[in-house]
Every structure is written in structure tokens, then in C-alpha cells.
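K.L.:
Going down the list, the sequences are from chains A and B. Per my numbering, residue 1 is the first one in the first sequence, and the count goes up by one each step. Per my numbering, residue 1 is the first one in the second sequence, and the count goes up by one each step.
FYI, nobody ran anything at the bench for these hints, they're computed from the structure. Virtual Cβ for every residue (Gly too), placed ideally from N, Cα, C. Each hint should be verified, as a subset may be incorrect.
Covered by chain B, according to a simulated footprint, are these stretches of chain A (three or more residues, beta-carbon under 8 Å) [said to hold, decoys possible]:
id, segment
1, 83 to 94
2, 114 to 122
3, 209 to 222
4, 268 to 275
5, 314 to 327
Calculated cross-link-like contacts (lysine to any residue; reagent style SDA-like; alpha-carbon spacing at most 20 Å) [stated by the list, open to error]:
id, chain 1, residue 1, chain 2, residue 2
6, A, Lys137, A, Ala188
7, A, Lys136, B, Ser135
8, A, Lys137, A, Leu191
9, A, Lys149, B, Ile160
10, A, Lys149, B, Asn237
11, A, Lys136, B, Gly49
12, B, Lys78, B, Asn237
13, A, Lys45, A, Asp55
14, A, Lys137, B, Asn237
15, A, Lys262, A, Ala308
16, A, Lys79, A, Leu291
17, A, Lys137, B, Gln137
18, A, Lys268, A, Leu291
19, A, Lys149, B, Pro58
20, A, Lys149, B, Leu162
21, A, Lys149, B, Tyr59
Here are the simulated distance ranges between beta carbons [stated by the list, open to error]:
id, chain 1, residue 1, chain 2, residue 2, range
22, A, Lys227, B, Ser282, 30 to 38 Å
23, B, Ser151, A, Lys79, 24 to 32 Å
24, A, Asn184, B, Pro217, 28 to 36 Å
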Amino acid sequence: MRSLLTGMLSITMLLAGCATTGEKQFSRLDLIKQRNSLICGVSGKIPGFSFLNSDGTYQGIDVDICKAFAAAFLGDPDKVQYRPLTAAERFTAIRTGEIDLLSRNTTLNLSRDASGGNSLTFAPVVFHDGQGLMVKKNSAIKTLSDLSKESICVGSGTTTEQNINDAFESISVSYTPIKYQDLNQVVAGYLQGRCMAMTSDRSQLAAARSGFRKPQDHVILPDVLSKEPLAPASLGGDHRLSDAMRWVIYSLISAEEQGITKENINEKLIQAKNNPQLKQLRRFLGVEGNLGEKLGLEDKFVVNVIQATGNYGQIYNRHLGPNSDVPIPRGLNELHTNGGVQISPPFN
Amino acid sequence: MKMRKGLWIQVLVLALVFSLILVLVNNISTNLIRSGLGFDFGWLNRTAGFALAEHVLPYSSSDNYAWALLIGWLNSLKVIFASLIMATLIGFFVGILSAGRNTLLRFLASLYVTFIRQIPLLLQLLFWYFVGFLSIQGNLIGPFKGILNISNQGIVILGINLSAEFSALLIGLSVYSGAYISEIVRGGIQSVSRGQWEAFRSLGLAENIGLIKVIMPQALPAILPGLTSQYLNLAKNSTLAIAVGYSDIYAISDTIITQTGRAIEGFILLLISFFFLNIIISNCMELLNNRLLSYQKH
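Please work from the sequences and hints to get the whole structure.
P.N.:
So, in C-alpha cells, the structure goes:
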């Protein structure tokens with residue numbers, strides 16, 4: 001009996017010792033490789049971003065970003081375990097190590113990035129969004145001030161909650177926030193008439209509206225209340241993981257800049273191998289130099305990524321393009337050469 | 001010899017528990033320091049920056065987090081005490097019916113209890129909110145025009161405005177806890193010996209008077225302990241408020257934790273506030289219990 005108890009004690013000590021991980025050099029990237037799978041936190045409830053299909057697979061731009069990470073880290077885009085998280089759960093999940101990284105339409109802001117705040121590190125922005133309001137077309141509400149003293153359905157635990165407050169406070173108009181924990185409940189509350197308007201990122205409003213029975217009866221007001229740059233994130237202080245994530249996102253954007261697609265990547269690779277003078281392409285695809293190694297990845301990680309998901313524009317068009325279920329104009333998300341803000345630093 | 005062995009096991013178990021706690025605390029503090037966060041409650045004094053639909057005391061978004069938490073605690077208290085009273089009324093009413101002699105009423109009472117106890121509380125709350133309130137088209141006025149007004153914005157009774165969120169939570173919690181309380185009341189009444197019923201009947205007392213004057217005083221000591229634990233359950237179940245959009249302390253802490261990133265401190269405050277809430281409830285019930293016992297001894 002006594003030996004059993006001491007045995008249990010020493011095992012708990014051992015386990016707890018493992019959990020604290022005293023070593024300085026440890027990176028989550030090693031753990032991902034050791035486990036040979038990536039645990040990705042997603043929403044699972046936003047069409048176009050991450051949505052659970054009826055066949056049990058996830059789909060959307062956030063999901064493709066997870067696949068790109070898995071292709072770069074592990075060489076296989078399917079080695080991803082998805083964890084659906086609510087807005088409130090996501091930061092705790094990343095802090096406790098339940099997930100490796102977050103690809104869940106999360107707004108980058110100072111408090112979340114700073115080590116005195118949520119202490120995350122963000123990868124480059126994958127979708128530039130802005131907060132908006134949706135109302136029923138027949139409600140005669142045209143601007144923010146028409147919503148004076150009305151109820152507005154809001155998701156709690158998001159930046160939305162603060163932005164809507166700032167927006168109404170700045171024009172000295174009072175309103176009643178009805179807060180739900182889940183976007184589906186925000187939609188239900190709005191559709192059932194508890195609130196005159198619902199507020200969220202404009203992309204989410206468009207995504208939600210695409211699922212309504214009569215989408216044409218609802219309008220998104222022209223007011224844009226905030227900048228919402230959505231970006232993947234990992235736990236702060238883990239430079240190797242966050243560096244790798246950063247350059248995977250840049251590789252998607254850079255591939256689009258160079259016209260490298262899922263379809264022509266193999267051609268480009270042969271071209272690079274046969275033409276020593278194409279220095280830039282050779283470095284990008286890992287034929288020459290050791291850019292991948294510097295990140296702790298394979299030198300051909302870019303090839304793996306593009307083969308798996310295509311470039312940034314292809315991912316966008318697949319889920320949010322004009323022929324998708326949730327068409328959202330590219331706007332700021334165009335390349336800098338087409339009037340947007342997406343640009344990649346050089347792969348040197 | 002035997003006692004010494006028992007003592008050893010106790011010491012070992014105690015050591016195990018203490019070392020587990022130590023490891024846990026050590027784990028948390030090293031991880032907090034590692035991610036650049038020591039324990040810190042300074043954020044309580046910072047501006048909250050979010051609005052609240054319901055507040056008992058004046059509140060604006062420029063008040064600080066500590067005040068927002070207090071408002072949340074008061075919101076919790078409000079819904080807990082209102083449902084406590086309603087659940088008790090429902091529980092005693094149904095409990096007395098199911099211990100009574102009317103077969104139809106007894107059947108209806110057991111139908112209610114069986115039905116309510118088989119369904120998770122969360123589903124019931126969502127039902128009361130989304131189906132019960134939000135699906136109401138226009139106003140349900142009926143014969144009570146001006147006194148009672150029910151719409152998908154909530155209930156207005158004698159000029160008092162109850163939001164749809166508060167009302168759904170109040171009804172959901174009361175109906176749910178009422179079912180459990182009624183079983184406790186029925187058990188208490190049935191624990192009184194049959195002779196007592198026959199005794200007051202032979203004295204010529206009416207059924208309801210006999211129930212109140214003779215049976216209930218003897219049933220209460222058996223009812224109170226169970227009632228206390230149901231009250232405590234009700235208080236804890238009130239945290240499901242977040243599902244129906246009511247700003248209770250848990251919902252507000254949830255927002256605060258995501259805004260400040262202070263999950264551990266936030267949960268500690270949450271634990272303390274519930275601890276105090278339940279201490280208040282259980283002490284009140286103990287007081288009642290002692291009163292009752294001393295009253296019966298005389």
C-alpha cells in the first residue's frame with residue numbers, strides 16, 4: 001500500500017515536472033514534429049473561414065492556413081487535428097498548450113500581442129476585415145444614430161464588444177447590448193427579433209447572411225466601426241514557431257506575386273532546377289540556399305505549401321471569391337500591385 | 001499496531017495532497033513568470049470599456065473592472081434570489097400535491113417531475129429563451145392588459161420591466177429546481193407517520209389546516225437539509241446565464257478575462273465570489289434549521 005502511494009507520488013511529480021518544461025530552447029515546433037501532427041484552433045462556425053461540413057471535414061480560409069502550416073512543418077497538409085473553439089476559449093486554449101496555434105479569425109491588436117496582455121505572437125494578416133452592423137431592410141435604419149436606445153446583439157469575449165461601445169459613445173448615443181457567447185446565438189437573437197441589429201466583422205455578417213432563408217431582406221450598414229486585421233497566432237516567446245508561421249504566410253503571398261499556383265508549381269520547380277540564373281525562384285523553392293533550414297523547416301517547404309493549398313489568391317477565391325458560397329470583394333486583401341495591402345518581404 | 005498503520009496511511013495521503021497542491025501552485029507560478037505574467041490584480045482598477053444591458057446600481061462603460069464584477073455579482077444575486085423564492089413556491093405546491101390523496105393531481109405532479117428531471121438544464125434554458133420568449137410575435141396581452149405584458153423583449157409586470165434574458169433564466173431555474181424541491185417536500189411529508197394524519201382527522205381538523213399545523217412542522221426537519229443543497233445547486237446553476245445572454249458574474253468575468261488576459265486571477269475572483277454566495281445561503285439555512293429545532297423542543 002505504502003509503495004503504491006509513493007509510486008503514485010513520484011509519477012505525479014514526474015508528470016508535473018514535464019509540464020513545466022524548464023529548458024529554454026524548447027519550441028512548440030519540435031513538439032509538433034515529434035507528434036507528427038498539428039493541433040489547430042479554429043472556429044468551425046463561420047462559412048468561408050472555418051466551417052464543419054456535413055461529411056465531418058472542415059473547410060474555409062482559416063482551415064487552408066492550418067493545412068499550409070502542416071504542409072510546411074510536416075510535409076503533409078492532412079496531418080492537422082482541428083479544435084473548434086469559442087471566442088472566449090481560444091486564448092486559454094493556446095496558453096494552456098491545448099492547441100499549437102490559432103487560425104480562428106482573430107483580430108491582431110496591441111493588448112493581445114503584448115506580453116503584459118494576452119502574450120501572443122501574430123503571423124501576418126490573412127484577412128483585413130472591419131466591424132459592421134446588419135439590420136433588416138424594412139427597419140428604416142440607415143446609420144448608427146438611428147439605433148439610439150435600441151437593442152443590439154453582440155458576441156461576448158470579442159473585440160466587437162468594445163468597438164461597438166466606442167462607436168456609440170463617440171456619438172453620445174445609448175444602446176442596449178444583448179451579449180451571447182456564440183455567433184450562432186447572436187444570429188438567432190437577431191433573426192428572432194430580440195435585437196434591431198447585430199454586429200460583428202463584416203465578413204462574418206456576410207457569411208451569416210448567406211445562410212439566412214431570405215438574405216436579400218437584410219442589409220449591412222455602410223458604417224465601418226473598426227479595423228479588424230485577422231491573423232493566425234501562437235503563444236508569445238516561442239520565436240521558432242512564430243518565425244516559421246510568419247514565413248509560411250509570406251510564402252503564400254509571395255507565390256501569388258510571382259504567379260506560382262497549385263497547378264504550375266511542378267513546372268516552376270523544374271524550371272528552377274534547370275535554370276541556375278533564376279536565383280530568386282531557386283531560393284524561394286529551396287533549390288538553392290538554405291532558407292528553410294534557417295526556420296527549422298525543410299528547404300522545400302514552400303513547394304509543399306503551394307502543392308497543398310495553392311497561393312494566397314487561390315485560397316481566397318476558393319472560399320470567399322465571386323463563385324463561392326460567401327462572396328466577399330477582395331478589397332484590402334488584394335496584392336499591393338492591385339490596390340490592396342498584401343505584400344511579402346523578400347525571401348533572401 | 002493497527003492504529004499506527006492507519007496513521008501512516010493518513011500521513012501519506014496528507015503528504016500526497018499537499019505535494020499535489022504545491023506542484024500545482026509551483027506549476028502555475030513558473031508558467032506565469034515564464035510568459036511574463038506574475039500574479040497581479042492591478043487591472044481591476046482599469047476602465048472596463050464595455051456596456052451592460054442590466055445593472056442594479058448605476059454603471060457606465062467608463063467604470064472600472066472591479067465595479068463591473070460587482071455589478072455582475074449583484075445581477076447573479078438578483079436572479080438567484082428571485083428563482084429561489086419561485087422554486088420554493090413551486091416545490092412546496094407540487095410536493096404537497098404529490099403527497100396528497102387526489103389521484104389526478106398526483107399523476108400531474110409526477111408527470112412534471114419526471115419530465116423536468118430527464119432534460120438537461122441548459123436545454124431547458126435555451127428552450128425558455130429561444131422558443132418561449134424570442135418566438136413571440138407582437139405582444140401576448142390577453143385579459144391582463146396593463147398589468148402583465150409579455151413580448152419577445154421580456155415581461156412587464158405592474159410597470160416593472162424584466163428583460164427576456166432575465167425572465168427566461170428565472171423561469172428555467174425555478175421550474176428545474178422546483179421539480180427537485182417537490183420530491184424533497186414529498187419525502188418529508190411521507191416521513192411523518194400515518195398516525196399523525198389519523199390523529200388530526202379524528203380531532204375534526206380540516207385537511208389543509210391539519211397539513212399546516214400538524215404535518216408540516218414535523219416534516220420540515222427532514223425537508224430542510226435537502227432544501228439547502230438544492231438552493232446551493234440553484235446558485236451554481238445560475239452560471240448558465242451566459243447561454244441566454246444574461247450578464248451574470250460568470251458572463252462578465254468571461255468578457256473581462258478575454259479583454260485583460262488575466263484568466264487565473266479572474267477565475268480566482270470568480271471562485272471566491274461563489275464561495276461567499278454559497279456560504280451566505282448555507283448559513284441562512286442553518287440558522288433556520290436551528291430555529292426550527294429549538295422551537296420544536298419547547
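K.L.:
All hints are to be evaluated individually against the structure, with a verdict given for each.
P.N.:
Consistency of the hints with the structure:
Interface restraint, the segment 83 to 94 of chain A with chain B: holds (4 residues with C-beta to C-beta distance below 8 Å; minimum three). Proximity of the segment 114 to 122 of chain A to chain B, defined as three or more residues with a beta carbon under 8 Å from a beta carbon of that chain, is established by the 5 residues found. For the segment 209 to 222 of chain A, the stated coverage by chain B is violated: 0 residues have a C-beta nearer than 8 Å to a C-beta of that chain, whereas at least 3 were required. Taking a C-beta to C-beta cut-off of 8 Å, the segment 268 to 275 of chain A contributes 0 residues in contact with chain B, too few for the three needed, and the coverage statement is violated.
Residues of the segment 314 to 327 of chain A lying with their CB closer than 8 Å to a CB of chain B number 0, which falls below the three-residue condition for coverage. The suggested pairing of Lys137 of chain A with Ala188 of chain A holds, with an alpha-carbon distance near 17 Å, which does not exceed 20 Å. Between Lys136 of chain A and Ser135 of chain B the alpha-carbon distance is near 17 Å, which keeps this suggested pair within the 20 Å criterion. Taking the CA atoms of Lys137 of chain A and Leu191 of chain A, the gap is about 12 Å. The hint holds against a cut of 20 Å.
As the CA atoms of Lys149 of chain A and Ile160 of chain B are separated by approximately 18 Å, the hinted pair is consistent with the 20 Å bound. With a C-alpha separation of about 31 Å, the suggested pairing of Lys149 of chain A with Asn237 of chain B is violated against the 20 Å cut-off. With a C-alpha separation of about 28 Å, the suggested pairing of Lys136 of chain A with Gly49 of chain B is violated against the 20 Å cut-off. Between Lys78 of chain B and Asn237 of chain B, the direct Cα distance comes to roughly 14 Å. Compliance with the 20 Å bound is thereby established for this hinted pair.
For the hint linking Lys45 of chain A to Asp55 of chain A, the alpha-carbon distance of about 15 Å falls within 20 Å, and the restraint holds. Annotation: proposed proximity of Lys137 of chain A to Asn237 of chain B is violated, straight-line Cα distance about 39 Å (limit 20 Å). At most 20 Å may separate the alpha-carbon atoms for a hinted pair to count; Lys262 of chain A and Ala308 of chain A meet this at roughly 7 Å. Annotation: proposed proximity of Lys79 of chain A to Leu291 of chain A is violated, straight-line Cα distance about 23 Å (limit 20 Å).
Taking the CA atoms of Lys137 of chain A and Gln137 of chain B, the gap is near 18 Å; set against the 20 Å cutoff, the hint holds. A threshold of 20 Å between alpha carbons decides the hint, and for Lys268 of chain A with Leu291 of chain A the separation of about 18 Å falls inside it, so the pair holds. Between the alpha carbons of Lys149 of chain A and Pro58 of chain B the distance comes to roughly 17 Å, so the proposed pair stays at or under 20 Å and holds. With a CA separation close to 16 Å, the supplied pair Lys149 of chain A and Leu162 of chain B stays within the 20 Å bound.
Proposed proximity of Lys149 of chain A and Tyr59 of chain B is supported: the alpha carbons are some 16 Å apart, at most 20 Å. In this structure, Lys227 of chain A and Ser282 of chain B break the distance hint of 30 to 38 Å, their C-beta atoms being roughly 50 Å apart. Checking the proposed 24 to 32 Å range against Ser151 of chain B and Lys79 of chain A shows it is violated: the Cβ atoms sit about 52 Å from each other. Restraint check, Asn184 of chain A to Pro217 of chain B: a C-beta distance of roughly 51 Å breaks the suggested window 28 to 36 Å.
Checked against the numbered hints above, the structure breaks hints 3, 4, 5, 10, 11, 14, 16, 22, 23, 24 and satisfies the rest.
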